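Here are the chains, one letter per residue:
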Amino acid sequence: MSILVDASTRVLVQGLTGSQGRFHGLRNRAYGTSVVAGVTPGKGGMDVEGIPVFDTVAEAVEATDAVASLIFVPARGAAAAVIEAGEAGIALVVCITEGIPLHDEARAFHHLARNCPGTRLLGPNCPGVISPGKANLGITPGEIALPGGPVGVVSRSGTLTYQALHELTRNGIGQTTCVGIGGDPVPGTGFIDCLRLFQADPETRAVIMIGEIGGSDEEAAAAFIAEEMDKPVVAYVAGVTAPPGRRMGHAGAIVSGGKGGAAAKIEALEAAGATVVLDPTELGSRMAEVLDL
Amino acid sequence: MEQAVAAGDAIGYPVVVKAQVPVGGRGKAGGVKVANDAGELTAAAGAVLGMSIKGHLVRSVWVEEALAAAREIYFSFTFDRAAKLHLGMLSARGGIDIEQVAVESPEAIHRFHVNPLERFSQEEAVAAVDAAGITGDAAEPVAGLLVKLYDAYVAEDAELMEVNPLAVVADGRVVGMDAKVVLDDNAAWRHPDWEQWRDLAGLDPRERSAREKGLTYVGLDGSVGIIGNGAGLVMSTLDVVAQAGGRAANFLDVGGGASADVITAALDVVNADPAVRAIFVNIFGGITRGEEVAKGIVEALGRVDLRSPIVVRLDGTNAEEGRAILAAHESDRLVSRPTMLEAARTAVALAAS
Numbered sequence: 018m019s020i021l022v023d024a025s026t027r028v029l030v031q032g033l034t035g036s037q038g039r040f041h042g043l044r045n046r047a048y049g050t051s052v053v054a055g056v057t058p059g060k061g062g063m064d065v066e067g068i069p070v071f072d073t074v075a076e077a078v079e080a081t082d083a084v085a086s087l088i089f090v091p092a093r094g095a096a097a098a099v100i101e102a103g104e105a106g107i108a109l110v111v112c113i114t115e116g117i118p119l120h121d122e123a124r125a126f127h128h129l130a131r132n133c134p135g136t137r138l139l140g141p142n143c144p145g146v147i148s149p150g151k152a153n154l155g156i157t158p159g160e161i162a163l164p165g166g167p168v169g170v171v172s173r174s175g176t177l178t179y180q181a182l183h184e185l186t187r188n189g190i191g192q193t194t195c196v197g198i199g200g201d202p203v204p205g206t207g208f209i210d211c212l213r214l215f216q217a218d219p220e221t222r223a224v225i226m227i228g229e230i231g232g233s234d235e236e237a238a239a240a241f242i243a244e245e246m247d248k249p250v251v252a253y254v255a256g257v258t259a260p261p262g263r264r265m266g267h268a269g270a271i272v273s274g275g276k277g278g279a280a281a282k283i284e285a286l287e288a289a290g291a292t293v294v295l296d297p298t299e300l301g302s303r304m305a306e307v308l309d310l
Numbered sequence: 043m044e045q046a047v048a049a050g051d052a053i054g055y056p057v058v059v060k061a062q063v064p065v066g067g068r069g070k071a072g073g074v075k076v077a078n079d080a081g082e083l084t085a086a087a088g089a090v091l092g093m094s095i096k097g098h099l100v101r102s103v104w105v106e107e108a109l110a111a112a113r114e115i116y117f118s119f120t121f122d123r124a125a126k127l128h129l130g131m132l133s134a135r136g137g138i139d140i141e142q143v144a145v146e147s148p149e150a151i152h153r154f155h156v157n158p159l160e161r162f163s164q165e166e167a168v169a170a171v172d173a174a175g176i177t178g179d180a181a182e183p184v185a186g187l188l189v190k191l192y193d194a195y196v197a198e199d200a201e202l203m204e205v206n207p208l209a210v211v212a213d214g215r216v217v218g219m220d221a222k223v224v225l226d227d228n229a230a231w232r233h234p235d236w237e238q239w240r241d242l243a244g245l246d247p248r249e250r251s252a253r254e255k256g257l258t259y260v261g262l263d264g265s266v267g268i269i270g271n272g273a274g275l276v277m278s279t280l281d282v283v284a285q286a287g288g289r290a291a292n293f294l295d296v297g298g299g300a301s302a303d304v305i306t307a308a309l310d311v312v313n314a315d316p317a318v319r320a321i322f323v324n325i326f327g328g329i330t331r332g333e334e335v336a337k338g339i340v341e342a343l344g345r346v347d348l349r350s351p352i353v354v355r356l357d358g359t360n361a362e363e364g365r366a367i368l369a370a371h372e373s374d375r376l377v378s379r380p381t382m383l384e385a386a387r388t389a390v391a392l393a394a395s
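These protein sequences, in sequence, are chains A and B.
For the first sequence, this note's numbering assigns the number 18 to the initial residue and increments by one for each residue that follows.
For the second sequence, this note's numbering assigns the number 43 to the initial residue and increments by one for each residue that follows.
To be clear, the hints were calculated from the coordinates, so they are not data collected in a lab.
Don't take each hint at face value.
What the hints assert, rightly or not - What follows is a list of derived Cβ distance ranges for each label pair:
| id | chain 1 | residue 1 | chain 2 | residue 2 | range |
| --- | --- | --- | --- | --- | --- |
| 1 | A | L308 | B | V145 | 24 to 32 Å |
| 2 | B | H155 | A | A75 | 26 to 34 Å |
| 3 | A | E306 | B | K190 | 54 to 62 Å |
| 4 | B | P380 | A | A47 | 44 to 52 Å |
| 5 | A | I209 | B | A85 | 56 to 64 Å |
| 6 | A | L308 | B | R289 | 50 to 58 Å |
| 7 | B | V145 | A | A240 | 23 to 31 Å |
| 8 | B | V346 | A | R187 | 41 to 49 Å |
| 9 | A | A240 | B | A197 | 44 to 52 Å |
Keep in mind that this is a model prediction, so the values were computed, not measured.
We put the beta carbon where it would ideally sit given N, CA and C, even for glycine.
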């Protein structure tokens with residue numbers, strides 16, 4: 018099994034007619050993902066290599082029974098696109114767009130929480146979700162993933178997610194699902210949501226978790242691992258050598274006043290029983306040891 | 043200088059001269075001075091202008107009426123990531139030691155959340171002021187200002203709006219004496235007026251050059267220049283370089299979907315740092331395409347006079363195409379390595395040689 022998405026997930030792409038949306042939407046379809054529609058206001062009636070385009074998400078859902086949406090809309094309109102997807106009854110909204118203003122992002126998050134309880138948001142500013150061999154929603158290069166499980170991956174960092182997949186695949190270890198939760202201040206889905214799903218998924222035997230400096234989500238995840246998980250977790254936290262007080266790219270990656278530093282996160286994860294590696298290229302080999310392969 | 047004296051004459055002495063810099067702690071750094079007449083004002087402005095406060099050159103000063111605060115209040119709005127809500131903070135014990143108050147007596151700071159979908163009402167503000175123990179004649183004007191601060195925080199796309207201290211003056215007036223505002227760069231497109239406040243001149247010259255090219259750059263003190271895509275991977279690259287026994291000269295994230303031009307610009311920025319002895323380009327492509335990265339590197343080799351050898355590790359989307367482009371140009375100035383750790387070791391060795 019997999020979590021969040023599989024081969025039957027019917028996907029629409031908001032922003033399919035843009036350059037990123039087209040490139041990755043078609044790439045996702047070529048991977049085997051059931052990409053059934055595109056949405057771009059004003060371009061309804063067009064098609065992108067056979068994928069019909071609609072003016073609104075509601076029309077696309079009505080015509081194609083899409084249940085998931087993948088958003089490549091530019092930052093200025095992305096928060097509105099998230100809300101539109103939620104209001105059209107989409108169950109899983111995956112927002113790839115980076116650079117969304119904080120206040121827009123916060124409003125979109127709370128709009129879904131209040132008005133669209135059936136909608137899960139993944140992202141924004143994330144690589145998306147891939148269930149290898151079944152479906153790829155987002156920008157993860159599908160060829161680095163290996164189908165068949167038994168490892169689930171959850172990560173706050175896009176490129177390190179790929180690194181983790183690559184290392185697992187190199188070691189012959191397949192993945193059930195790999196979820197990039199994104200590094201923005203208001204992620205729709207967090208570590209704990211994914212850890213809970215992996216814990217409940219019978220085919221997932223172990224989990225890789227990739228954190229970053231900044232915030233306290235890794236510490237909260239560590240508490241969840243200690244209390245609610247019996248599956249082994251191998252973790253990596255980026256930013257051990259990052260100087261305190263400097264902002265490093267992600268709005269999320271800020272260390273200040275001793276809080277949010279890598280050392281505290283690593284300590285919390287180790288105390289929770291997770292295996293922590295200090296080099297991301299060791300994720301695969303350590304997972305092989307943990308699984309006794 | 044003349045403008046400062048004119049302002050002082052217009053306001054009436056004594057006045058306070060305050061350095062205008064985008065960092066906190068300027069008072070403790072000597073950037074705030076009282077002047078009792080035009081002569082003192084000239085001396086004070088002369089001393090403050092041109093000062094460097096935490097790396098920021100003081101290019102302008104603010105002159106205002108000197109007031110004796112009977113009480114100092116702290117209040118602010120920021121975003122609480124853990125709660126995913128806006129966080130208001132209010133304290134009757136404002137002033138320059140607010141951070142100490144936060145550590146020693148956290149109960150002296152009243153904290154409350156506001157849902158981003160809601161307005162912050164006058165009634166809620168009155169309740170917050172009461173909970174913070176701010177009583178008497180000042181309570182009502184402070185509550186009014188709190189509502190205005192929230193509205194401004196939202197309307198201006200701020201990540202932080204902080205007034206400290208808000209002074210209650212002997213004659214009953216309530217005056218904001220210092221404020222700090224952090225604006226969200228991601229929202230700059232809907233605030234064209236922000237451009238006039240952008241202080242690139244105060245930045246590290248390396249950071250300024252990167253900022254002008256739209257790159258995320260943080261200067262560090264090692265000899266291995268770093269270019270990567272994604273904050274996580276770049277931080278991880280710093281860590282791996284440290285493990286290989288080297289030190290990174292910088293953090294540079296080209297972001298997602300970087301084109302050949304962006305890669306060339308990034309090489310240009312890193313190359314300009316005289317401390318750099320080797321450049322490590324670490325790309326794992328998702329939305330970024332390998333052949334674009336490779337084209338950018340090859341282009342930079344022809345266009346920029348690169349002082350240091352480049353070590354590239356390229357994986358992910360279209361990595362094969364990218365590696366083929368790099369292989370055609372491989373030399374002792376451009377080396378490809380299959381893994382992050384090997385590339386880090388090579389870069390560290392080249393930087394040391």
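Going through the hints against the structure:
1. L308(A) x V145(B): 24 to 32 Å: violated, 45 Å
2. H155(B) x A75(A): 26 to 34 Å: holds, 33 Å
3. E306(A) x K190(B): 54 to 62 Å: Given range 54 to 62 Å: holds, Cβ gap about 59 Å.
4. P380(B) x A47(A): 44 to 52 Å: This hint is violated: roughly 26 Å between Cβ atoms.
5. I209(A) x A85(B): 56 to 64 Å: holds, 59 Å
6. L308(A) x R289(B): 50 to 58 Å: violated, 36 Å
7. V145(B) x A240(A): 23 to 31 Å: Holds, at about 24 Å.
8. V346(B) x R187(A): 41 to 49 Å: Violated, at about 34 Å.
9. A240(A) x A197(B): 44 to 52 Å: violated, 37 Å
Comparing the model with each earlier hint shows violations of hints 1, 4, 6, 8, 9; every other hint is respected.
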